[in-house]
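Produce the entire structure from the sequences given, and follow the hints as far as they go.
2 protein chains.
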Amino acid sequence: MHLNYYQKEDQVLLAVDCIIFGFDKENLKILLIKRNFEPEKGKWSLIGGFLKKNENLDEAAVRVLETLTGLNDIYLEQIHTYSKIDRDPGQRTISVAYFALIDVDSHHFDGIQIDAAHWFDIKEAPNLIFDHNEMVQKAKARLKRRALSKPIGFELLPEKFTMRQLQNLYESILDKKLDKRNFINKINSLDVLIKLDEKDMSVSRKGAYLYVFDKDKYEKKVEEDGFIFKI
Amino acid sequence: MHLNYYQKEDQVLLAVDCIIFGFDKENLKILLIKRNFEPEKGKWSLIGGFLKKNENLDEAAVRVLETLTGLNDIYLEQIHTYSKIDRDPGQRTISVAYFALIDVDSHHFDGIQIDAAHWFDIKEAPNLIFDHNEMVQKAKARLKRRALSKPIGFELLPEKFTMRQLQNLYESILDKKLDKRNFINKINSLDVLIKLDEKDMSVSRKGAYLYVFDKDKYEKKVEEDGFIFKI
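Chains as they are written, first to last, in our numbering: chain Z, 4 to 234; chain E, 4 to 234.
A hint or two may mislead.
Identical chains blur together in the list; that is why a pair holds if it fits in one copy or across any two.
As the list claims (entries may be wrong) - No more than 30 angstroms apart at the CA atoms, straight line, and that leaves these computed lysine-lysine pairs for DSS-like:
#1 Lys-37 <-> Lys-11
#2 Lys-126 <-> Lys-223
#3 Lys-147 <-> Lys-183
#4 Lys-224 <-> Lys-28
It should be emphasised that the hints constitute simulated quantities derived from the structure, not laboratory data.
Structure representation (structure tokens):
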């Protein structure tokens, strides 16, 4: 009997779209693909796909990302659901946006869309289809807020990294130059880094010390409320 | 031609559920209704309903809230979309949770569900249907994070309020007692209050000064990044 109650309601298509941020030790990047079907065929798009009957949204995001790019075991987080009536001119589709953070150099693609996928510098990203530009703006704001309130970098940096690379990452996310000495002091006060007895010799003749995150301390800081990284 | 692409995909029901927080100058409350249809008829539930063809999610949340309670012009914010396959035993339904903040005393209900609706003290709320408990937990965490990073109270307090009422609100949200002098110092350092030359005489023989929010300064602080209210 209660089925009647549900059955008179309108059904809709539900999609997921992934804003995939990457870092290549220098700049913040975003992974986009060239759409290979109408409408908007040939234009740049976020990586996305439809929700299926047998999965929840998180599972759909993981499947879409893995199928199209070959990437798996990626940190994904739901950020917002977009529902403007005409957002997709093909058919009404509600889309749930996810954001992902990855280290560009440690991830190799072998998904079905690999030829169509491309990493863009976040500052040089092309115009996107539908409301995908709006999704990217929200994801950037989320990433910025995260960087100001929690330690960040674990998913974006290689295991070992230099202080300069960490500063590059914060500068990319916050979109401003930071004072080096001030940055180092702030980062050290977070107490989430371990300085290694090992140098990256590729950057200068003297080399630069390498660091790793202290995973336990890092996770603890991420969980903490009321923390702020003021820079 | 592209329609074929969309038409082979699964469609689902999409609903909105509203976590409505209220404040009565003493305690944080939540508005719940007794569900009047199966499944789970007679149990306590968030206020919700299905998305219709001719509206986006924000509009659906506004409509559902107004139809069921008579409340309009309420601050609503989307927080998360829930999609576990069996979350609704009636039929697969994806639900987008919204949270709302209102001042209990200034809002009078006259919607169709008014007899079934009830304000519960947040600490004494009953067990809810489906995954609604999980939604409330997320909304409480969001409210707490908001109270720690932005000024809060504009939507929850009456226009004029005492410092004690504002402290009650923060204590309810953060779920802990706060030191009075420390709280007053922190709040004053925010510089978002205007002290009136007028007292609430109902609280004691001496009375307590009334305050209003300086709306411009308040809004500016809400927009600011990197602010933290450490208490």
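Now for the hints, and whether the structure bears them out:
1. Proximity of Lys-37 to Lys-11 under the C-alpha cut-off of 30 angstroms is restricted to the inter-copy arrangement: shortest distance 22 angstroms between copies versus 38 angstroms within a copy.
2. For a Cα distance limit of 30 angstroms, the shortest separation of Lys-126 from Lys-223 across copies, 27 angstroms, qualifies, whereas the shortest one inside one copy, 32 angstroms, does not.
3. In the homo-oligomer, the alpha carbons of Lys-147 and Lys-183 lie at most 30 angstroms apart inside one protomer (19 angstroms), although the nearest pairing across protomers, at 33 angstroms, exceeds that limit.
4. In this homomeric assembly, Lys-224 and Lys-28 come within 30 angstroms of each other (Cα to Cα) only inside a single copy, at 23 angstroms, whereas the closest approach across copies is 34 angstroms.
Of the numbered hints given earlier, the model fails none.
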